[in-house]
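K.L.:
Spelled out, the chains give:
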Amino acid sequence: MNTTPLLQVEGITKTFGGITAVNGVSFTVNDGEILGIIGPNGSGKTTVVNCITGFVKPTSGKVYFRGKDITGKPAHKIADIGITRTFQVMRPYYSLPAYKNLLIPLFSPRARRTGGWRGGGRLGDRARVGIDILEEIGFERDSYVPYKMTSILPTGYLKRLEIARCLALRPEIIICDEVFSGLSMSEIASMVPLIERLQMDGITIVMIEHRLRELFRVANRVLVLNFGQVLMEGNPDEVMADPSVRDAYFGSRRVEEIMEHA
Amino acid sequence: MAAEQLRKERIDRGIKVRTEGIYALMSWRELLYLIGPRFLLIAGMLLLPLLMPGMYWQRVVSIVCIYALLALSFDFLAHFVGLVSLGGAFFVGTGGYLAAILNTSFGLPPILTVFLATLLGAALCTVLLLPCLPMRGVYFAIVSLMYPLLLARLIEAMNILGGTDGIMGVDSFPNRWIEQYLLIAVVLIFLFGARRLVNTDLGLVLRGIKDNDQAIRASAMNITHYKALAVFIASIMGCLSGACLVHIYMWSGVSQFALDFSILPIAATVIGGSSTLVGPVLGCLILVPISELLRDFGTLRIVSYSLILVGFIVFRSEGLMVYGQRKYHQFERWTRI
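Sequences listed follow chains A and W, in order.
Everything in the first sequence is counted per our numbering, starting at 3 for the first residue and increasing by one.
Everything in the second sequence is counted per our numbering, starting at 347 for the first residue and increasing by one.
To be clear, the hints were calculated from the coordinates, so they are not data collected in a lab.
For each residue, glycine too, the CB sits at the ideal point set by N, CA and C.
Where hints are given, some of them may not hold.
[What the hints assert, rightly or not] Simulated crosslink set (DSBU-like; lysine-lysine; CA at most 30 Å straight-line):
no., chain 1, residue 1, chain 2, residue 2
1, A, K150, W, K362
2, W, K673, W, K362
3, A, K59, W, K556
4, W, K354, A, K79
5, W, K354, A, K150
6, A, K75, W, K556
[What the hints assert, rightly or not] Covered stretches of chain A (chain W as the covering partner; in silico rule of three or more C-beta atoms under 8 Å from a C-beta of chain W):
no., stretch
7, 67 to 78
8, 136 to 146
9, 236 to 249
[Stated by the list, open to error] Heads up, incomplete: computed chain W residues facing chain A, CB under 8 Å, no partners named:
no., residue
10, I381
11, R384
12, A469
13, D547
14, V551
15, G554
16, D557
17, Q560
18, I562
19, A564
20, S565
21, N568
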């Protein structure tokens, strides 16, 4: 039914010296879906994201966005066409208050062109748009939180701030690199509806996660990576039932049985 | 029995909070709290030439302003963009030689040469520094340190631009009052301009580069582009000081590429308080006269000068202005943990 997928990754390979971090990974991301990417530590998830978003150049392979080749373009150009990302290790501007963190992406050419988050083509008052975004992602508008220094905010808020930076660019895709990790159960519980709301806004989301239970609740499709290669792809139920996925995570089924009894 | 542990607590003064935003207009006291320090600085700077005992010390005021511009440029680049520049001498030399050439070869009056040498020099410096801007780390510092050495040797070895003699017969400013007040005005304009700039949205982007350049890339902005813009702004201050220096000395030579112009501004920034922008100007007001007073001691001048610097780094590494601003805006008390 659909002609070209939103994002198409074809045979991406990335080697660092003698180590092949990603080895011929291919997958597609469809418009409006939530794609989960899982895999054990070191399976190449973050490297795939870095290759797509231009933070590293893939050794070989191609990345297409709406059928257009974007392989190896610099990171700011890729963000400029609407492919945004969060960082696993949060990268806010620690020396600024929370809301000023958003004035920076809102100053970018893309935000000014598109009007920023939900903007109608022209960007209004940056500070107001910034506070609007912060409220959307769970900073209480009438509290002091948006005005607090970023350096004293807890992890939960910093993870949200990462998503906020993407939203300021009025993104087509947000690639979330482990936004649930390091959060408490209640913090994750409030993040899940946020992700679902973003999907309803028409934003396509790629989520790299280790918190599988929560990921399987929101993801439409899941891609499993192991040792830099695609192990399998399917809907959450298929992936959860697949024994090879469990083996990839736990090494053997015996260990998994131990976990069940623990 | 565990020893009682105390911790120093710093709390903003009520008046500081009251003077943020529109509430500053509440009373004369609040207004004075805001305007006072600024007025003190501006009035002090403007009165400085009148208070000097003689021609010699009036000349020192001009030199203070030259260094203040360089220190301002260093502080702006290092603490608001994250580029540590050791290239004060590069800016001074480029601006200075350009002003001398424009004046002696093209016969332009000082006011025009200063203006043109500043813009042309800043463009030239930015283009020459451009190749090391996409890199992170110490490369910018190294390259900016090497350029003045390279250019000075090039002029000497190839005997161009006057060679070791330099370019002589450069016009001076019409008179010493114009010279001093022009420089003082320029320092004040750039000081308040830079303070304003770092709080605009563009300034936030520049500070963001220092804080977290990867996040800037992820925000769809080209870091190199903004770094180049920042270097251009900083070179404007540097080349302007160089151009003025040449007209003060009425001579341009390879000593304008000397390391003093790179090092003294950094020392002044350390003493005055880094990332305050006012601090470096204050540092120059202290350091340059001291270095003049110690001229009689010959080589020992460097010793006492270094001792001051070491003393500051060890005992007051934050610098005078950071300390002063803290005392002005906050009170301290000991609390039990």
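K.L.:
Is the hinted pair K75(A) and K556(W) satisfied, with a Cα-Cα distance of at most 30 Å?
P.N.:
23 Å, holds
K.L.:
Does V551(W) pass the interface hint, meaning its C-beta sits closer than 8 Å to a C-beta of chain A?
P.N.:
Hint on V551(W): holds, closest Cβ of chain A at ~5 Å, below 8 Å.
K.L.:
Between the stretch 236 to 249 of chain A and chain W, see if three or more residues pass the 8 Å beta-carbon test, and mark the coverage as holds or violated.
P.N.:
Three-residue rule not met by the stretch 236 to 249 of chain A, so violated; n is 0.
K.L.:
Using the nearest Cβ pair, does Q560(W) come within less than 8 Å of chain A?
P.N.:
6 Å, holds
K.L.:
Grab the minimum C-beta distance from N568(W) to chain A and call the hint holds if it beats 8 Å, violated otherwise.
P.N.:
Given a least distance of 5 Å, the restraint on N568(W) holds.
K.L.:
Sort out whether K362(W) lies within 30 Å of K673(W), counting only the CA atoms.
P.N.:
11 Å, holds
K.L.:
For the pair supplied as a hint, K59(A) and K556(W), is the alpha-carbon distance within the 30 Å limit?
P.N.:
24 Å, holds
K.L.:
Restraint: D547(W) near chain A, CB-CB cut 8 Å. Satisfied or not?
P.N.:
Constraint on D547(W) satisfied, holds at 5 Å.
K.L.:
Against chain A, run the beta carbon of R384(W) and see if the smallest gap drops under 8 Å.
P.N.:
Hint violated; R384(W) Cβ to chain A Cβ min 24 Å, cut 8 Å.
K.L.:
Double-check I381(W) for me: the hint is only fine if its C-beta lies closer than 8 Å to a C-beta in chain A.
P.N.:
25 Å, violated
K.L.:
Assess, step by step, whether the Cα of K354(W) is no farther than 30 Å from the Cα of K150(A), and give holds or violated.
P.N.:
22 Å, holds
K.L.:
Can we keep the S565(W) interface hint, with Cβ of chain A closer than 8 Å?
P.N.:
4 Å, holds
Going through the hint list in order, the structure does not satisfy hints 4, 8, 9, 10, 11, 12.
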